[in-house]
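Novice: Going line by line, the protein sequences match chains A and B.
Counting from 2, one number per residue, gives the positions in the first sequence under the numbering used here.
Counting from -16, one number per residue, gives the positions in the second sequence under the numbering used here.
These aren't lab readings, by the way, just hints derived from the structure by calculation.
Where hints are given, some of them may not hold.
[Stated by the list, open to error] So these bits of chain A aren't anywhere near chain B, every CB distance computed over 10 Å:
id, residue
1, 57
2, 284
3, 353
4, 475
5, 482
6, 563
[Claimed, not checked] Simulated pairs of lysine to aspartate or glutamate, EDC-like, Cα-Cα distance not exceeding 16 Å:
id, chain 1, residue 1, chain 2, residue 2
7, B, 321, B, 305
8, A, 533, B, 120
9, A, 535, B, 120
Here the structure is a predicted model, which means the values were calculated and not measured.
Where is the CB? At the ideal position from N, CA and C, for every residue including glycine.
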Amino acid sequence: MSEEIVIDDISSKSVSKDASISYIDSSAINNKSEVPDRRYSLWNFWICGLFLKVLLFPDYFSTDFDVHRNWLAITHNLPISEWYYENTSQWTLDYPPFFAYFEWFLSQFVPPVVKKDGCLDIVEVGQFGWPTVFFQRTTVIVSEILLYAVLQYYVNTTSKVRRSQSFIVATSIVVSPGFLIIDHIHFQYNGFLFAIFIASIVTARNGNYLWCAAFYSIALCFKHIFLYMAPCYFVFLLRAYVLNFEDFKFKSYKDLLFLVKWCHLLKLASIVIGVFSVCFAPFIFQMPQVLSRLFPFSRGLTHAYWAPNFWALYSFADKILSIIILRVPYIYTFITRFISSPLIPASVNEIRQRVQEASNNGSKGLVQDVIFTVLPQIPPKVTFILTIFYQILAVIPVLFDPSFKRFIGSLTLCGLASYLFGWHVHEKAILLVIIPFSFLVVLDRRLLVSFMLVSAAGYVSLFPLLYENADFALKCLYTFVWCVIYFFAIRKTTKLSSSVERRVFFMDRLAIIYICLLLPMVLGVQFFDVMKWKYPLFEKFEFLGLMTYSVYCSLGIIGSWVGISWLYNFDEPLWE
Amino acid sequence: MSSKKKGNKKSTHRKTGSSGKIVDSDELVNDPFYASPLYDFLAPFRPAGSQWMTHYVIIIFALIIRLAIGLGPYSGMNTPPMFGDFEAQRHWMEITQHLPLSEWYWFDLQYWGLDYPPLTAYHSYLLGRIGTFVFPDWFKLNDSRGYETDGIKTFMRLTVVLSDIIFYIPAVIYFTKWIGRHRNQSPVSQYIAAAAILFQPCLLLIDHGHFQYNSVMLGLTIYTINNLLDGFYSMAAVCFVWSICFKQMSLYYAPIFFAYLLSKSLFFPRWFNIPRFTGIAIATVLAFISAFGPLYVFGGGIPTLLQSVHRIFPFARGIFEDKVANFWCVGNLFIKFKQLYTPEQLQLYSLVLTVAGFIPAFIMSILYPRKHLLPYALTTCAFSFYLFSFQVHEKTILVPLLPVTLLYTSNDRNVLSFICWIGNVSLFTLWPLLKKDNLCLQYTTCFIMYNWLLGNFSFVTPRFLPRFLTPGPPVSTTDKDYRRRSLLPNNILWKIIICCSYIGMLAIHLGEMFVQPPKQYPDLWVILNCVVGFGCFVLFWLWGYYKLFTLRNKNIQSL
């Protein structure tokens, strides 16, 4: 003890002296390198996040909580051959096998108290209490450590010049309101899954293409939503790792053989096939069943309510048109002059009939299958064609220029394309856009406007997931402060790539106005939502709030997509 | 709390060369909280360009943490027939909504009769009006008793947050800014002080967990202090009277404010400053009239006034109710006061002890009415009340804790160590109450979080974790291994005392978790809690007096 005091006494004085001495040293060093050696640690962020997440334990959780509890039970109690056949509960296992293994792994750690609580019972509807909640919420927090580890690795392997930027990216992801809302309130394991996905991005940046392929395949075997990114990975790995254009001269078709680095191709293929076979081997004889669980095409175009994508605008236009046509039938006759029956219902009466049907189906916006009243129906085929088309547009530049910048840009665009045009898109999928975009945005400030649009609108569009009022203020404040801090921080640390500002100022202002207007939109919808307790009249318009959310947010996300597409395809200095 | 993320765009201070920069770096390293997590989070906001947002960021995170605590249970949740403080507050909103003023203090006194001064009633009335606008069923007269839904819980929680935003937070921010400005503190120090005060877990857990509106009373008290700092004496009197009229507990501060104002108007800086004296007197009377006037005019005159006063000071309720870490409860272990003396005698004794306890602080305030002494004088005075007066609740610790917490603006590591220590002890003494409310999770989280933020756990990172996980020094001139020491005073004796008290607290918690108390002492752990708390409070109270006397001729720089 007494020694410590002596040290204490001295240190207060000596620190100041040291500081001035080492100052001189460091300024000398600064002159040489200009970049001081600093450590960027996510430790504080993890601890801080931990506290908040623990405080959120008593908060609302969605049915996804019971889904994951049911999977714990299935994987714990049943032999592996029955995992994909079990259907006592409606929440059947519909993630790829790695996730099932993961659940099995977690179920090994269920303490007796939690077991007694009903955590591991295969029942139709889970009967559980506080211990189960505590346990499962803890597993989310613990599994999320991987995200911190991967991002810490990302920061540590960044060059010193860019390290503070990458630190901003890393922290913006670990404290993202998306993970807070979806994982720690709504309940899922996205933090953990995205950690693997991010690992593949980081390894791609570091040039470890085999690792990149391995991580991506693993991520895919955990959650097949990452399939959206497949074209991009395929082209990138093909071009950057397998093909060799360096001194390629076409003399005969035989030369094409030397274009391919066969050895690399072999390595890559064995890794990818290896991962997949480890994943699916136990299920080799039940593949049809597994696949039917993984890809349930029976679901409708839009999810429970509209994710803010292109189809939300489409449905909205349909609603508006049907109202207008029913009010002013003349418009219908006017339109039919230009287009005829298959594109538009045969008569006004048919429209009326469809509207009736839709309202009979009950709560609008909550139906599984959306029937459009005026506009043509959308079969899955159309959504696939659109998605693939825009994804191909996004990956073509990577074919010519397999740089990391391009790769990450095309990842973002692939995510956006599938989000905007995909079949049965869930609003949670916006993370697939925002996370790759975070890595991209620090490379050039001109991307910031686009990023601001998509992240603000994307995170706000997650709000309806938590429809309880208890956490309304919390999620709003958290998202707000995240946006303010990170938009500001990114703005401060990134540079413009070209000296001439080639931005359209009008669009910048418009984007800012749009983002600011998100606030009154959210508050207004909430106000009406609360008022419906007092005035049951408002209940009839319940879907109106959700529609406002998805239409308004989809405007932002589509705007962001247009912006980044423009920069991606037509702006040279940015990608040099 | 989560993630005060900031992106660390530090870069500015380091590019440099001029001698001014050296001073700057020195100052930073000498910041008392240098290299604590709080500092690491706030340091990126140092550049002048981003300073404007720092306070807002702190406030928003303070709100987020409040809301997160509010997700937990409240006192008396699902416990009919009487429920708890939450139901009391809701009930007051209900009766003030539907009854004329004259009946407020008379209505069904058995079921949470109104027993706070009129401003609380008006406050309840106002919030009740808003609540009725949102959903009338919440506050239906008589029918809404024990009304418990998520809706009303959220609404009530939000009203507390709203009261915080209006009364408490701006007062704290103004205070830290004022001190920072007058002592040339670095901006980061000011932010840290503000954050340390706003994140003080005792108030958070009582107001947002247990459910009360203490922040209004405490906020008004800070406004009083702010006005005294600025020299607006009449306004200070008004704020303080309102504070009393919100909750009578702030009478704990009354002797000091009285002495300070008296001394300022009669003796310092010149003798018999009659205009100032008259101003203060008139302001005080007007403030009281503004609080009690409506009760007199609309409430049926004198009888209602007397009834309200009678309700506010319930002398019939015994010298202490629950276990509380004060002289009477702890002394009761050895001397059975309640059997030896009549309640009247006890009232007299407690009065005598209390007065004896605060008289030195009172005299000091008359002789040395100085700004930097105010927190110490208020601390010692309020602690005398807490330790010796009649009818003290464990929650009342918030009152003496407020001036203590304001001392986070200090630059002296010794002072900060004491502040941090007593904050922890106070939180510890609240444990039985919070446990009753099922707020164990929130209690543990806040306890660890707060100490971690202030850097008391900073020893963990470089010693037990890989170096790259240690947050880098925010100033490039510091040693790589520089790490914050935990907040402990330099004096060896105090160090031992504080460490022992921490060990005792930990032992009591562990004991309570794993050891069943013997049959004849079912309350063993609670009583031990009170004993430890009482011991620490007395020591701290004495230390407060020591500081009060030694600082009397210093100035604000040595707060």
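Novice: The structure should be examined with respect to each hint, and the outcome stated for every one.
Specialist: Now the hints, each set against the structure:
1. Its beta-carbon lying about 6 Å from the closest one in chain B, residue 57 (chain A) breaks the requirement of being farther than 10 Å from that chain.
2. Every CB of chain B lies more than 10 Å from the CB of residue 284 (chain A), the least distance being 39 Å, so the non-interface label holds.
3. Against the 10 Å criterion, residue 353 (chain A) stays outside the reach of chain B, whose nearest CB is about 38 Å from its own CB.
4. A beta-carbon of chain B comes within 10 Å of the beta-carbon of residue 475 (chain A); the shortest separation is about 4 Å.
5. Chain B draws residue 482 (chain A) into its interface by the beta-carbon criterion, the shortest separation being 4 Å against a cut-off of 10 Å.
6. No Cβ of chain B approaches the Cβ of residue 563 (chain A) within 10 Å, the least distance being about 27 Å, so the stated non-interface status holds.
7. Using a Cα cut-off of 16 Å, the hinted pair residue 321 (chain B) and residue 305 (chain B) holds, with the two alpha carbons roughly 14 Å apart.
8. For the hint linking residue 533 (chain A) to residue 120 (chain B), the alpha-carbon distance of about 13 Å falls within 16 Å, and the restraint holds.
9. At roughly 9 Å between alpha-carbon atoms, residue 535 (chain A) and residue 120 (chain B) fall within 16 Å of each other, so this suggested pair holds.
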